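Chemist: The lines below spell out each chain.
Number of protein chains: 2
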Amino acid sequence: MNKRKFWGWGFADQILSKEEEAGVENRIAQNFGLSEIDALPIPIAEEIDLNKPRVQIPDTLKDILSDDHLERLNHAYGKSFPDVARAMLGQFPNPPDLIAFPKNQEDVVNALDWADKNNIAVIPYGGGSSVCGGVETDVDDSYSGVISLDLRNLNQVLEIDKESRAARIQAGIFGPALEEELKKSNLTLRHFPQSFEHSTLGGWIATRSGGHFATLYTHIDDFVESTTMVTPTGVIESRRLPGSGAGPSPDRMVIGSEGILGVITEAWMRLQERPNFRASCPVLFDDYDKALKATRLISQSALFPANCRLLDANEALFNGAGDGSKHLLILSFESADHEMDFWLKRALEIASDVGGEYELPQEQKADAHKSGASGTWRNSFIRAPYYREASVRRGIIQDTFETSITWDKGYDFIETLKEKASKAIKEISGKESTVTCRLTHTYPDGLAPYFSYTAYATPSTMIDVWKEIKLATNEICIQEGGTVTHHHAVGRDHRVKGYDLQRPEGFKDMLVSAKEGVDPRSIMNPGVLIDPKGKKYKHWMED
Amino acid sequence: MNKRKFWGWGFADQILSKEEEAGVENRIAQNFGLSEIDALPIPIAEEIDLNKPRVQIPDTLKDILSDDHLERLNHAYGKSFPDVARAMLGQFPNPPDLIAFPKNQEDVVNALDWADKNNIAVIPYGGGSSVCGGVETDVDDSYSGVISLDLRNLNQVLEIDKESRAARIQAGIFGPALEEELKKSNLTLRHFPQSFEHSTLGGWIATRSGGHFATLYTHIDDFVESTTMVTPTGVIESRRLPGSGAGPSPDRMVIGSEGILGVITEAWMRLQERPNFRASCPVLFDDYDKALKATRLISQSALFPANCRLLDANEALFNGAGDGSKHLLILSFESADHEMDFWLKRALEIASDVGGEYELPQEQKADAHKSGASGTWRNSFIRAPYYREASVRRGIIQDTFETSITWDKGYDFIETLKEKASKAIKEISGKESTVTCRLTHTYPDGLAPYFSYTAYATPSTMIDVWKEIKLATNEICIQEGGTVTHHHAVGRDHRVKGYDLQRPEGFKDMLVSAKEGVDPRSIMNPGVLIDPKGKKYKHWMED
Numbered sequence: 024m025n026k027r028k029f030w031g032w033g034f035a036d037q038i039l040s041k042e043e044e045a046g047v048e049n050r051i052a053q054n055f056g057l058s059e060i061d062a063l064p065i066p067i068a069e070e071i072d073l074n075k076p077r078v079q080i081p082d083t084l085k086d087i088l089s090d091d092h093l094e095r096l097n098h099a100y101g102k103s104f105p106d107v108a109r110a111m112l113g114q115f116p117n118p119p120d121l122i123a124f125p126k127n128q129e130d131v132v133n134a135l136d137w138a139d140k141n142n143i144a145v146i147p148y149g150g151g152s153s154v155c156g157g158v159e160t161d162v163d164d165s166y167s168g169v170i171s172l173d174l175r176n177l178n179q180v181l182e183i184d185k186e187s188r189a190a191r192i193q194a195g196i197f198g199p200a201l202e203e204e205l206k207k208s209n210l211t212l213r214h215f216p217q218s219f220e221h222s223t224l225g226g227w228i229a230t231r232s233g234g235h236f237a238t239l240y241t242h243i244d245d246f247v248e249s250t251t252m253v254t255p256t257g258v259i260e261s262r263r264l265p266g267s268g269a270g271p272s273p274d275r276m277v278i279g280s281e282g283i284l285g286v287i288t289e290a291w292m293r294l295q296e297r298p299n300f301r302a303s304c305p306v307l308f309d310d311y312d313k314a315l316k317a318t319r320l321i322s323q324s325a326l327f328p329a330n331c332r333l334l335d336a337n338e339a340l341f342n343g344a345g346d347g348s349k350h351l352l353i354l355s356f357e358s359a360d361h362e363m364d365f366w367l368k369r370a371l372e373i374a375s376d377v378g379g380e381y382e383l384p385q386e387q388k389a390d391a392h393k394s395g396a397s398g399t400w401r402n403s404f405i406r407a408p409y410y411r412e413a414s415v416r417r418g419i420i421q422d423t424f425e426t427s428i429t430w431d432k433g434y435d436f437i438e439t440l441k442e443k444a445s446k447a448i449k450e451i452s453g454k455e456s457t458v459t460c461r462l463t464h465t466y467p468d469g470l471a472p473y474f475s476y477t478a479y480a481t482p483s484t485m486i487d488v489w490k491e492i493k494l495a496t497n498e499i500c501i502q503e504g505g506t507v508t509h510h511h512a513v514g515r516d517h518r519v520k521g522y523d524l525q526r527p528e529g530f531k532d533m534l535v536s537a538k539e540g541v542d543p544r545s546i547m548n549p550g551v552l553i554d555p556k557g558k559k560y561k562h563w564m565e566d
Numbered sequence: 024m025n026k027r028k029f030w031g032w033g034f035a036d037q038i039l040s041k042e043e044e045a046g047v048e049n050r051i052a053q054n055f056g057l058s059e060i061d062a063l064p065i066p067i068a069e070e071i072d073l074n075k076p077r078v079q080i081p082d083t084l085k086d087i088l089s090d091d092h093l094e095r096l097n098h099a100y101g102k103s104f105p106d107v108a109r110a111m112l113g114q115f116p117n118p119p120d121l122i123a124f125p126k127n128q129e130d131v132v133n134a135l136d137w138a139d140k141n142n143i144a145v146i147p148y149g150g151g152s153s154v155c156g157g158v159e160t161d162v163d164d165s166y167s168g169v170i171s172l173d174l175r176n177l178n179q180v181l182e183i184d185k186e187s188r189a190a191r192i193q194a195g196i197f198g199p200a201l202e203e204e205l206k207k208s209n210l211t212l213r214h215f216p217q218s219f220e221h222s223t224l225g226g227w228i229a230t231r232s233g234g235h236f237a238t239l240y241t242h243i244d245d246f247v248e249s250t251t252m253v254t255p256t257g258v259i260e261s262r263r264l265p266g267s268g269a270g271p272s273p274d275r276m277v278i279g280s281e282g283i284l285g286v287i288t289e290a291w292m293r294l295q296e297r298p299n300f301r302a303s304c305p306v307l308f309d310d311y312d313k314a315l316k317a318t319r320l321i322s323q324s325a326l327f328p329a330n331c332r333l334l335d336a337n338e339a340l341f342n343g344a345g346d347g348s349k350h351l352l353i354l355s356f357e358s359a360d361h362e363m364d365f366w367l368k369r370a371l372e373i374a375s376d377v378g379g380e381y382e383l384p385q386e387q388k389a390d391a392h393k394s395g396a397s398g399t400w401r402n403s404f405i406r407a408p409y410y411r412e413a414s415v416r417r418g419i420i421q422d423t424f425e426t427s428i429t430w431d432k433g434y435d436f437i438e439t440l441k442e443k444a445s446k447a448i449k450e451i452s453g454k455e456s457t458v459t460c461r462l463t464h465t466y467p468d469g470l471a472p473y474f475s476y477t478a479y480a481t482p483s484t485m486i487d488v489w490k491e492i493k494l495a496t497n498e499i500c501i502q503e504g505g506t507v508t509h510h511h512a513v514g515r516d517h518r519v520k521g522y523d524l525q526r527p528e529g530f531k532d533m534l535v536s537a538k539e540g541v542d543p544r545s546i547m548n549p550g551v552l553i554d555p556k557g558k559k560y561k562h563w564m565e566d
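If you read the protein sequences in the order shown, they are chains A and B. Per the numbering used here: the first sequence = residues 24 to 566. Per the numbering used here: the second sequence = residues 24 to 566.
No wet-lab data here; the hints were simulated from the structure. Heads up, a few of these hints could be off.
For chains that are exact copies, the list does not tell them apart, and a pair is met inside one copy or across any two.
Stated by the list, open to error - When the alpha-carbon atoms are kept at most 20 Å apart in a straight line, the in silico DMTMM-like pairs for lysine to aspartate or glutamate are as follows:
hint, residue 1, residue 2
1, K206, E59
2, K558, E204
3, K441, D554
4, K75, E442
5, K490, E182
6, K443, E380
7, K206, E43
8, K556, E539
9, K558, E539
10, K559, D523
11, K449, E498
Computed from a prediction, not measured in an experiment: that's the story for all the values here.
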């Protein structure tokens with residue numbers, strides 16, 4: 024099996040070429056006016072000391088529990104900037120004592136039983152691609168230990184119902200394996216988060232992941248037909264229903280629960296037929312307010328483009344999809360049932376009416392989304408995590424934050440967030456930074472802007488600098504009326520100055536109580552989303 | 024103000040004409056081979072004795088609490104068959120002691136404070152159109168009293184955000200008043216449940232009401248942008264967001280909560296522009312399985328018809344929209360942005376490919392949905408509740424049950440439900456009954472069938488007969504894998520042999536705990552959905 028990097032994104036052999044690495048270094052030097060840049064070495068697993076596991080492997084669970092050194096490193100962190108930074112620096116003060124690799128749902132039940140009886144915290148782990156501290160094994164001293172529970176062996180498509188276009192799928196399956204299996208039936212989940220290659224179905228559901236479709240089916244939420252979750256007090260299995268009005272939706276309590284209620288083991292998922300018909304066209308705008316207006320009108324037209332991503336001029340420039348003078352709206356439609364030319368034509372009319380410029384391709388190619396400006400952007404999007412590693416080694420912070428807001432506030436909100444974030448980054452890091460924006464998803468009533476920045480720091484300051492910037496961006500999103508996350512989840516990093524203020528206090532009371540109902544000893548992912556009853560989790564960002 | 028009937032549907036002056044009344048009597052006589060039929064008189068409010076209120080009106084709440092005789096009658100029941108039957112028979116053993124008519128959210132807070140301190144159960148009341156015992160004031164003896172809390176004075180559209188197509192609306196507004204107000208801005212909620220005229224926004228949200236759109240936006244759920252709910256321990260107000268991935272959705276806990284967590288006082292709702300473009304056409308099928316297949320393929324095509332209702336031959340016949348030989352699929356599309364001819368054309372192609380017959384109208388008229396077979400069915404749909412009253416007076420039960428199921432089980436499920444329900448009705452009532460079916464809503468992964476029946480009973484047996492049939496239909500829906508309700512809500516009547524078995528036990532634990540978190544003394548709508556912690560509500564159906 025290809026080994027995953029414990030210090031970065033993807034597999035150990037997925038690294039930048041020397042030329043790419045030099046390119047990154049050059050860009051950093053130019054950007055920040057530096058003549059010399061130190062780069063941290065890639066850490067070596069064997070050279071990192073870990074504390075001894077505080078928990079012994081019981082005989083009954085010896086087939087599924089492991090204290091392997093590399094696995095403990097692998098499961099100590101997710102893949103946020105500070106996760107990669109700490110790993111790169113060889114800092115692993117709170118690794119899991121053990122890792123559980125259940126082979127089936129019964130193993131999960133047994134592992135939770137054992138953990139519950141022994142006061143051991145359990146951190147559910149899918150692909151480990153969390154960028155918000157969702158899988159970190161840093162729990163407070165009231166626990167006698169902590170395990171990471173890795174679902175990788177629950178990786179099968181168990182059943183396909185072609186008539187209903189749905190499948191029963193185990194939670195630990197990774198994106199590519201899932202799609203490969205569904206392809207045999209000409210079906211697809213068509214859920215492609217940036218993490219696709221290194222994240223799992225269960226992780227997507229637990230974190231309300233955002234995917235391929237820019238409109239209509241933006242989150243994984245709407246593809247969930249039913250769920251099975253193992254909690255410390257039993258298994259919760261919802262009924263397979265296309266729609267129901269029987270009380271609050273059980274699935275909606277599971278979706279977004281980020282491991283604090285239990286471990287999602289499988290789900291029936293709604294699928295799509297693989298699209299045969301595509302129509303797409305990039306549209307350029309001189310004015311950002313006109314670009315936003317076009318995006319709004321298209322989002323309200325019920326044409327439901329699959330892609331409706333608006334890149335501001337800088338975002339287009341930094342991703343090689345423009346010269347920095349125009350804003351780029353990537354529009355595309357797809358269907359398994361009918362030609363989409365009419366849909367595209369009408370969307371382009373709307374865009375053109377408010378000043379958008381486009382050249383309709385003579386012929387719509389099946390791989391149009393992979394060529395031209397769309398294609399350039401797409402490649403840049405997929406390669407981004409690898410480029411980030413080269414930056415981390417040099418202490419440079421490349422990070423993003425993302426939110427959503429209603430259209431009435433849209434333009435001012437984006438301008439204010441860019442401005443406030445740039446100002447905060449300059450104050451914290453001492454150097455100028457451009458904050459760029461793209462819309463990842465749009466709705467009839469609003470939009471989801473996604474901001475990227477590069478900030479100056481050094482390997483020794485980068486974690487503290489990042490922490491201050493994260494607190495600032497959490498605060499800015501909340502103060503301006505947005506959400507602290509549209510699809511990156513809350514985890515631990517989005518709580519302070521963020522989710523803790525965003526969620527209604529009474530809803531927190533319900534959530535804390537609901538958790539108590541199924542996890543009375545609070546072993547499940549403590550510190551994520553909420554403090555369990557009677558505990559006050561101290562976040563490392565509050566140090 | 025036009026007075027509402029305490030013994031039936033709608034306003035006191037909305038009754039059948041003598042001819043219509045005679046028509047109903049004739050049909051009953053024919054149906055069941057009866058030569059003589061007794062009819063109960065319409066009850067007179069003043070002749071009905073009620074127990075004395077057990078609760079005194081405190082001075083601080085004298086402006087909002089009432090012990091008016093007619094209001095106590097009005098708020099004792101919803102509008103289910105046994106509600107109307109009991110009212111018609113003058114049976115009111117458990118009326119509310121008092122009714123609260125708060126004028127604003129602060130009044131709601133004060134009323135709940137007072138009720139909570141004095142151990143008084145609170146039954147939130149919107150339009151009172153519940154058909155499942157959701158607003159009944161029959162609570163157990165552990166409470167010192169019970170009030171019905173009527174939101175009718177919270178009836179304003181408070182704010183309209185045209186850019187985001189959304190409005191902040193008070194929960195007590197009725198359908199017609201809401202649409203009238205929104206029309207001024209060329210907007211509409213386009214949520215038209217059968218109860219539209221006599222139900223409220225808050226009621227729709229609390230019960231996950233099903234509305235106008237047969238696909239895509241089937242329930243009120245998807246139109247909810249944010250909610251405000253007053254609980255006994257405080258106000259829960261969610262943030263206005265077009266989409267979010269920050270933890271389990273607070274709104275999804277409110278939606279469908281049926282008054283057990285608190286009182287919904289207002290919501291930001293997503294609106295539509297009023298449609299200018301319509302295209303519709305009825306399609307006829309000889310074979311039901313082919314009709315179902317066409318409906319499935321259209322539901323999976325992403326064409327999203329606004330109407331996609333499939334009436335079986337008997338359902339069409341009984342509603343005057345057919346001669347009983349063909350199954351009728353009512354297809355219509357609408358848009359505020361573009362012509363829908365292409366959409367209709369493609370849907371008709373799909374239908375035709377599997378044997379559907381249609382005649383495309385020469386010209387699409389703006390009011391096509393109000394004419395022809397569609398129009399006949401529509402009128403019958405709106406008049407149905409009034410016809411039911413004439414039946415109740417004669418002891419005849421006209422009722423419905425509705426559910427949902429995935430497509431793979433679709434055909435067999437419908438046949439089995441019809442067969443089992445017919446058999447049960449015959450066994451219980453002693454006479455044959457035809458159970459008819461229409462699909463009210465459809466999904467890419469399944470369908471929502473809605474069953475109607477007429478059963479023989481007499482004024483003295485009708486309540487017991489209904490009760491047995493209701494228990495049987497609850498049980499049939501659950502046994503065959505469906506939901507006990509797709510959009511009529513659970514209330515009290517769908518619990519026994521229904522929701523109590525359907526909801527995952529662990530989810531019930533979470534719900535009970537969540538309720539305890541915001542309603543620690545369990546004053547909110549006890550007996551609906553769940554038994555609050557430490558209480559065992561005895562349902563009247565279990566007598």
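Chemist: It remains to establish, for every hint, whether it holds in the given structure.
Modeler: Status of the hints after comparison with the structure:
1. Taking CA atoms no more than 20 Å apart as the test, K206 paired with E59 passes in neither setting, with 50 Å inside one copy and 66 Å between copies.
2. For a Cα distance limit of 20 Å, the shortest separation of K558 from E204 qualifies neither inside one copy, at 43 Å, nor across copies, at 49 Å.
3. Taking the shortest alpha-carbon separations for K441 and D554, neither the intra-copy value of 31 Å nor the inter-copy value of 50 Å comes in at or below 20 Å.
4. Taking the shortest alpha-carbon separations for K75 and E442, neither the intra-copy value of 47 Å nor the inter-copy value of 65 Å comes in at or below 20 Å.
5. Within a single copy, K490 and E182 get their C-alpha atoms no closer than 44 Å, and across copies no closer than 39 Å, so neither meets the 20 Å cut-off.
6. In this assembly of identical chains, the alpha carbons of K443 and E380 never lie at most 20 Å apart, being 31 Å within a copy and 62 Å across copies at closest.
7. In this assembly of identical chains, the alpha carbons of K206 and E43 never lie at most 20 Å apart, being 34 Å within a copy and 58 Å across copies at closest.
8. Proximity of K556 to E539 under the C-alpha cut-off of 20 Å is found in both arrangements, the shortest distances being 7 Å within a copy and 13 Å between copies.
9. With identical chains, the CA atoms of K558 and E539 are at most 20 Å apart both within one copy (12 Å) and between copies (19 Å).
10. Proximity of K559 and D523 under a CA criterion of 20 Å is satisfied intra-copy only: 13 Å inside one chain copy versus 36 Å between copies.
11. Within a single copy, K449 and E498 get their C-alpha atoms as close as 16 Å, which meets the 20 Å cut-off; across copies the closest is 65 Å, which misses it.
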